[in-house]
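Which chain is which? The protein sequence lines are A and B, in order.
Sequential numbering of the first sequence, starting at 1, is according to full-length UniProt numbering.
Sequential numbering of the second sequence, starting at 1, is according to full-length UniProt numbering.
I should point out that these hints are in silico values taken from the structure, not numbers from a laboratory.
Among these hints, one or two may not hold up.
Said to hold, decoys possible - Under 7 Å between C-beta atoms, here's a sample of chain B residues computed to sit facing chain A:
| hint | residue |
| --- | --- |
| 1 | Ser3 |
| 2 | Ile5 |
| 3 | Arg6 |
| 4 | Ser7 |
| 5 | Met8 |
| 6 | Met15 |
| 7 | His17 |
| 8 | Glu20 |
| 9 | Thr21 |
To be verified - Derived lysine to any residue pairs resembling SDA-like cross-links, with alpha carbons at most 20 Å apart:
| hint | chain 1 | residue 1 | chain 2 | residue 2 |
| --- | --- | --- | --- | --- |
| 10 | B | Lys28 | A | Lys131 |
| 11 | B | Lys154 | B | Gln133 |
| 12 | B | Lys18 | A | Gly39 |
| 13 | B | Lys18 | A | Ala32 |
| 14 | B | Lys18 | A | Arg28 |
| 15 | B | Lys18 | A | Arg29 |
| 16 | A | Lys131 | A | Phe74 |
| 17 | A | Lys57 | A | Glu27 |
| 18 | A | Lys295 | B | Met1 |
| 19 | B | Lys28 | B | Phe111 |
| 20 | B | Lys28 | A | Arg42 |
| 21 | B | Lys18 | A | Lys57 |
Since we're looking at a predicted model, the values are computed, not measured.
Beta carbons are placed, not taken as given, at the ideal position from N, Cα and C, and that holds for glycine.
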Amino acid sequence: MEANFWWVIGGVLFVLLNTAAGLIWLERRMLALWQDRYGPNRAGPLGLLIVLADTIKLFFKEDWIPPFSDKVVFVFAPAVVVASVLMSFTVIPFGPNVVVADWNIGLLFFLAMSSLGVYSIVLGGWASNNKYALLGAMRGASQMISYEVFMGLALMGVVLLSGTFNLREIVEAQRGLWYFIPQFLGFIIFLIAGIAETHRLPFDIPEAESELVAGFHAEYSGMKFGMFFIGEYLGITLVSSMIVTLYFGGWLGPAFLPGIIWFVIKTFVFISLFILLRASMPRPRYDQLMEYGWKVLFPLSLLNLLATAAIKLILTDN
Amino acid sequence: MFSLIRSMWLVFLHMFHKRETYQYPEEKAPLPARWRGRIALTRDPDGGERCVGCYLCAAACPVDCISLQATEAPDGRRYPGFFRINFSRCIFCGFCEEACPTYAIQLLPDFEIAEYDRQNLVYEKEDLLINSQGKYPGYNYYRVAGMAIDGKNKGEASKEEPPVDVKSLLP
């Protein structure tokens, strides 16, 4: 039992980090596909070795710490994002028996850890001592505060239906019907909040290349920048796998494939959706983003919660 | 909201479109005939150099990348003693081609002149001279110009009348 446990941890870490690196290649190829280009196709078969080349380049770049920065925080910040995202993965059930920590507070732990991720943006932007970085960090913080609220509220619908915070049991409860049908509104809200949570393209206002140079990581180079990069791709994987776990039945699926394969397939569908969003969406102004969050999505998520609770009450009374 | 979903769908449909990329080293882009690329010195139909060393190209060149030295051959033809183009300076504007009165200097549809060593981008006359008449086949400067050279006196060029003897009183 003990040995098996270590295999799961090692396997999850190995697969996740490689997925995050491979997503760099996947994203560039997919974006190219949707923009009628080829993308990286020279290094290795289908250009797959571009991942290796990128990694080597990042490792050998000068790891510059600006003399005007807050050095301790500057070094600390990139580690926070990767650590917090990797911590969130501990509660996700990848397969019937493949889960690192089978906790009864799994969903709360995910919310807590994904909120911690914003510290890396705020601290990184603050420690850089650069006005663009600080502006990016402020935007990141305000975006996180607005979107974290109804992200949690949208998830409460799932908790109401399944009656548990344990992600494994939530997946088991979806055996009859995947939750994206009874919780369609909640799914849409969680998807939008998840995009905002990972700072992906329609909502990448903390980074905003065209306005803020590179936002909170403008001063970062070398592997510290690489950590932010990996953290972003891990975040995409995390939100995709959370959507799959909560709304699309996790590892459930027809029996001819093992559960973990179903999980991976569904997750990659949502990762591709994230990339498609990047290929097609313009970036809103950040006040538009706040307005949309507080005035539209927040009431909607409250409504969703109330309606779910009411229906659940009526059904249990009968 | 619906416009966003519509644009997502339209972008998704691009998956099935033809890709626009030229896979360059294997697949070359078609260059138009008037492409302004590598500069060459052309020859006339007899195989002689067209350049008469008038310096107009060097004067027209906005970045001063052309240098040459006019020389005269014993038969009366002028030719450049040396002709040097520094392609690391050249901006391929084509002014030299426009300035040239004898169609000697021409820009060719060829851009593959990259070098690892900057000094290799300085082309001498033997690198520039090509064994071709370029864009103006059949044009021979000394056959249409009134200048006298060995074997062709004044008045013997094509479409040229013999010179009028201004000292004769007879009409």
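Comparing the hints with the structure gives:
At about 11 Å, the closest approach between the beta carbon of Ser3/B and any beta carbon in chain A exceeds 7 Å, and the interface hint on this residue is violated. Interface hint at Ile5/B: violated, since its Cβ lies 10 Å from the closest Cβ of chain A, which is beyond the 7 Å cut-off. With 7 Å as the threshold, the beta carbon of Arg6/B stays out of range of chain A, its nearest partner Cβ sitting at about 10 Å, so the hint is violated. Because the closest C-beta pair between Ser7/B and chain A is about 5 Å apart, less than 7 Å, the hint holds.
A least Cβ separation of about 5 Å between Met8/B and chain A falls short of the 7 Å threshold, and the interface hint therefore holds. Restraint check, Met15/B versus chain A: the minimum CB separation of about 6 Å is within 7 Å; hint holds. Because the beta carbon of His17/B sits about 5 Å from the nearest beta carbon in chain A, less than 7 Å, this interface hint is met. Interface restraint check for Glu20/B: the shortest CB-CB distance to chain A comes to about 5 Å, inside 7 Å, so the restraint holds.
With its C-beta approaching chain A no nearer than about 5 Å, Thr21/B sits inside the 7 Å limit, and its interface hint holds. For the given pair, Lys28/B sits about 46 Å from Lys131/A by alpha-carbon distance, which is inconsistent with the 20 Å threshold. Of the pairs offered as hints, the one joining Lys154/B and Gln133/B is violated, with about 25 Å between alpha carbons and a cut-off of 20 Å exceeded. The straight-line distance between the Cα atoms of Lys18/B and Gly39/A is roughly 14 Å, inside the 20 Å bound, and the hint therefore holds.
Restraint check for Lys18/B and Ala32/A: the C-alpha separation of about 12 Å stays at or below 20 Å, so the hint holds. For the hint pairing Lys18/B with Arg28/A, the CA-to-CA distance comes to about 17 Å; that is within 20 Å, so the pair holds. With a C-alpha separation of about 15 Å, the suggested pair Lys18/B and Arg29/A falls inside the 20 Å cut-off, and the hint holds. This hinted pair checks out: Lys131/A and Phe74/A have alpha carbons roughly 15 Å apart, not beyond 20 Å.
The straight-line distance between the Cα atoms of Lys57/A and Glu27/A is roughly 18 Å, inside the 20 Å bound, and the hint therefore holds. Between Lys295/A and Met1/B, the direct Cα distance comes to roughly 15 Å. Compliance with the 20 Å bound is thereby established for this hinted pair. A distance of roughly 11 Å separates the Cα atoms of Lys28/B and Phe111/B; the hinted pair therefore holds under the 20 Å criterion. For the hint linking Lys28/B to Arg42/A, the alpha-carbon distance of about 16 Å falls within 20 Å, and the restraint holds.
Taking the CA atoms of Lys18/B and Lys57/A, the gap is near 32 Å; set against the 20 Å cutoff, the hint is violated.
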